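Peer 1: Listed here are the chains, written in short residue letters.
2 protein chains.
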Amino acid sequence: MNYRFCRQALRIVVIATCVAMTMGCTQRQDAGESGGTRTAERATTAAADPLPSWRDDGAQRTIVEFVQRVTDAHGPNFVPVSERIATFDNDGTLWAEQPAYFQLAFVLDRVRTMAPEHPEWKTTPPFQAVIENDRAALASMGMPELMKLIAASHSGMTTEEYAGFATAWIDTATHPRFRHRYTECVYQPMLELLAYLRANGFKTFIVSGGGVDFMRTFSQSTYGIPTEQVIGSSVKTKFEMQDGKSVLVKLPEINSIDDKEGKPVNIGLHIGRRPLLAFGNSDGDLPMLEYASDGSGPRLALILHHDDADREWAYDRDSHVGRLDRGLDEARARGWTVVSMKNDFERVFAFQTTP
Amino acid sequence: MNYRFCRQALRIVVIATCVAMTMGCTQRQDAGESGGTRTAERATTAAADPLPSWRDDGAQRTIVEFVQRVTDAHGPNFVPVSERIATFDNDGTLWAEQPAYFQLAFVLDRVRTMAPEHPEWKTTPPFQAVIENDRAALASMGMPELMKLIAASHSGMTTEEYAGFATAWIDTATHPRFRHRYTECVYQPMLELLAYLRANGFKTFIVSGGGVDFMRTFSQSTYGIPTEQVIGSSVKTKFEMQDGKSVLVKLPEINSIDDKEGKPVNIGLHIGRRPLLAFGNSDGDLPMLEYASDGSGPRLALILHHDDADREWAYDRDSHVGRLDRGLDEARARGWTVVSMKNDFERVFAFQTTP
Numbered sequence: 001m002n003y004r005f006c007r008q009a010l011r012i013v014v015i016a017t018c019v020a021m022t023m024g025c026t027q028r029q030d031a032g033e034s035g036g037t038r039t040a041e042r043a044t045t046a047a048a049d050p051l052p053s054w055r056d057d058g059a060q061r062t063i064v065e066f067v068q069r070v071t072d073a074h075g076p077n078f079v080p081v082s083e084r085i086a087t088f089d090n091d092g093t094l095w096a097e098q099p100a101y102f103q104l105a106f107v108l109d110r111v112r113t114m115a116p117e118h119p120e121w122k123t124t125p126p127f128q129a130v131i132e133n134d135r136a137a138l139a140s141m142g143m144p145e146l147m148k149l150i151a152a153s154h155s156g157m158t159t160e161e162y163a164g165f166a167t168a169w170i171d172t173a174t175h176p177r178f179r180h181r182y183t184e185c186v187y188q189p190m191l192e193l194l195a196y197l198r199a200n201g202f203k204t205f206i207v208s209g210g211g212v213d214f215m216r217t218f219s220q221s222t223y224g225i226p227t228e229q230v231i232g233s234s235v236k237t238k239f240e241m242q243d244g245k246s247v248l249v250k251l252p253e254i255n256s257i258d259d260k261e262g263k264p265v266n267i268g269l270h271i272g273r274r275p276l277l278a279f280g281n282s283d284g285d286l287p288m289l290e291y292a293s294d295g296s297g298p299r300l301a302l303i304l305h306h307d308d309a310d311r312e313w314a315y316d317r318d319s320h321v322g323r324l325d326r327g328l329d330e331a332r333a334r335g336w337t338v339v340s341m342k343n344d345f346e347r348v349f350a351f352q353t354t355p
Numbered sequence: 001m002n003y004r005f006c007r008q009a010l011r012i013v014v015i016a017t018c019v020a021m022t023m024g025c026t027q028r029q030d031a032g033e034s035g036g037t038r039t040a041e042r043a044t045t046a047a048a049d050p051l052p053s054w055r056d057d058g059a060q061r062t063i064v065e066f067v068q069r070v071t072d073a074h075g076p077n078f079v080p081v082s083e084r085i086a087t088f089d090n091d092g093t094l095w096a097e098q099p100a101y102f103q104l105a106f107v108l109d110r111v112r113t114m115a116p117e118h119p120e121w122k123t124t125p126p127f128q129a130v131i132e133n134d135r136a137a138l139a140s141m142g143m144p145e146l147m148k149l150i151a152a153s154h155s156g157m158t159t160e161e162y163a164g165f166a167t168a169w170i171d172t173a174t175h176p177r178f179r180h181r182y183t184e185c186v187y188q189p190m191l192e193l194l195a196y197l198r199a200n201g202f203k204t205f206i207v208s209g210g211g212v213d214f215m216r217t218f219s220q221s222t223y224g225i226p227t228e229q230v231i232g233s234s235v236k237t238k239f240e241m242q243d244g245k246s247v248l249v250k251l252p253e254i255n256s257i258d259d260k261e262g263k264p265v266n267i268g269l270h271i272g273r274r275p276l277l278a279f280g281n282s283d284g285d286l287p288m289l290e291y292a293s294d295g296s297g298p299r300l301a302l303i304l305h306h307d308d309a310d311r312e313w314a315y316d317r318d319s320h321v322g323r324l325d326r327g328l329d330e331a332r333a334r335g336w337t338v339v340s341m342k343n344d345f346e347r348v349f350a351f352q353t354t355p
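So the protein sequences, as listed, match chains A and B.
The numbering used here applies: residue 1 is where the first sequence begins, and numbers increase by one.
The numbering used here applies: residue 1 is where the second sequence begins, and numbers increase by one.
The set of hints was computed from the structure by calculation and includes no laboratory data.
It is possible that part of the hints are untrue.
[Stated by the list, open to error] Among chain A residues calculated to face chain B with C-beta under 8 Å, some are:
(1) Thr62
(2) Glu65
(3) Ser221
(4) Glu228
(5) Thr237
(6) Gly272
Bear in mind that the values here come from a model prediction, so they are computed numbers and not experimental data.
Glycine included, every Cβ here is placed at the ideal spot set by N, Cα and C.
Using the sequences plus the hints, can you model the full thing?
Peer 2: Okay, here's the thing in structure tokens:
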């Protein structure tokens with residue numbers, strides 16, 4: 001376990017505490033049609049204006065002008081389709097990340113769901129604290145305790161079993177503030193941007209600190225992004241035979257933390273070229289934005305600034321989740337596009353009927 | 001350095017020796033049009049019969065019937081486009097691998113090319129042996145020596161610098177037996193198969209023990225496979241700033257050996273679903289073929305059997321390179337399709353004008 005991972009895990013502790021303190025994580029019982037599928041369709045059927053949830057001026061103009069420039073076959077900045085790679089962070093860029101990363105809620109819910117099969121957890125920390133929702137104990141939980149929770153809830157099963165659990169959760173769990181499924185807490189302007197880029201020959205990728213197997217359960221239905229274009233944090237897996245059938249078993253051992261420098265490293269490993277466009281929202285995205293920007297020819301780096309407490313949240317330099325500090329300075333220095341949620345988003349979520 | 005990697009490296013030693021003993025690795029000076037691009041185009045422009053270099057009966061029929069079954073929207077075995085994943089080994093499956101893996105020739109050539117910048121190599125083993133083409137010394141070379149060669153030739157540079165070196169080599173180096181560029185030593189029937197699958201909604205991937213950065217320099221032009229659909233062995237990389245520009249530097253440390261169990265593990269990491277079709281040629285491909293076969297619904301696993309010493313090579317159970325031993329038994333037991341190069345390929349290489 002290396003230093004970077006420890007640092008990451010420690011940050012997660014703060015977040016986990018936040019989750020435990022603030023989230024109800026109620027499961028919606030009447031899970032019917034996937035909300036994510038609905039919103040994805042809404043994005044792709046926008047006919048005349050491909051970006052209706054963006055306000056006309058500002059960031060939208062920058063994006064459209066960039067796309068026109070690199071797709072103009074007769075212009076000096078034309079980029080062939082094969083090089084039109086666009087990478088997006090997920091937490092805080094495609095969907096919300098407050099009051100805590102959504103996947104953390106899944107970890108805690110998963111432990112509670114598994115509890116009946118583990119009667120010993122009732123008296124075993126840290127499981128006991130999760131089961132009893134013991135806020136004091138959760139608040140004082142350290143890294144080793146959190147690792148036990150993640151190991152118990154995210155490993156020791158096949159990738160297909162894990163996908164089943166994660167899908168069942170994502171289909172029913174709801175966000176504590178918005179009371180909508182998490183896959184409905186995606187930013188409508190970003191769904192439109194993904195569809196707009198794809199319509200212009202871009203291949204869209206997620207490059208996120210979130211767990212790759214977790215995100216893959218909803219990336220296609222929510223974002224229209226297939227599993228093979230999702231890059232995320234991962235545990236090691238082991239190939240083995242179970243009852244005569246080959247499976248991949250998730251191990252309680254980190255393979256990659258897809259955050260900070262891990263993002264361009266994984267872009268190199270999985271994609272093998274610099275993104276033409278990269279979109280993030282926190283300091284954890286800076287290396288990815290730098291890597292995209294430093295390619296030859298025109299490049300577009302964008303940062304979503306959460307400055308809209310009414311419709312979503314307002315946070316940046318001092319936030320525990322999705323801190324954006326050095327990023328604001330570097331965006332100014334490098335001329336990156338800072339997208340203001342308040343000013344650039346005509347609408348934030350599809351479920352907010354009035355903008 | 002773990003056991004599996006040591007075993008792999010030891011196997012490479014045998015091969016490296018073989019390379020040194022048998023290959024001239026002359027560089028063609030008049031490198032003009034890419035032979036690879038030509039052959040890829042030839043494959044995709046085949047109009048009436050999409051698989052003209054396959055003989056009509058046998059394996060071709062199995063492939064066509066399978067593709068018709070999974071693409072028949074009204075049939076019971078229909079598979080949506082998003083799940084039409086096809087994975088191909090490279091060495092011995094898409095291009096030849098005799099008398100030794102082509103990338104090994106690059107490693108030795110690279111050391112010779114770099115030698116003038118390293119005058120100390122003239123008297124430093126194992127570089128001295130490579131520079132002097134000292135067959136006795138090369139034949140006795142052990143794993144630590146080979147690792148020094150790979151570390152010197154495949155790390156300590158940015159991924160973009162490496163791509164430049166590899167491209168320059170692949171554009172000019174020629175195969176010692178066929179006297180054609182390596183990217184022309186690809187199997188014409190396999191190019192046609194790749195194009196046929198893509199025309200039927202499949203996404204084609206390379207999953208090979210070869211170096212991922214090496215293969216990515218020719219995957220698009222030779223196979224029509226973009227870099228992000230190439231999975232291979234890799235070294236770790238480091239994100240850093242060089243002269244104010246962000247780069248990925250290749251480190252002399254293994255990240256992943258994409259062979260045997262490493263293939264399904266990397267398929268899980270990079271693709272996130274079981275292949276619908278998998279094609280290999282050696283025991284190193286068995287876990288990938290098993291992983292594909294064990295998915296639900298119809299699956300197609302294929303093994304290319306090198307049984308054609310006249311047009312290519314004949315080798316299987318006892319070969320140092322691309323050994324196919326357990327695979328022949330398992331193919332029979334599981335009902336996999338064994339493709340006979342001699343009987344199923346109407347033509348092997350595009351440059352062989354008479355079949």
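Peer 1: Which of the numbered hints above does this structure break?
Peer 2: 1, 2, 3
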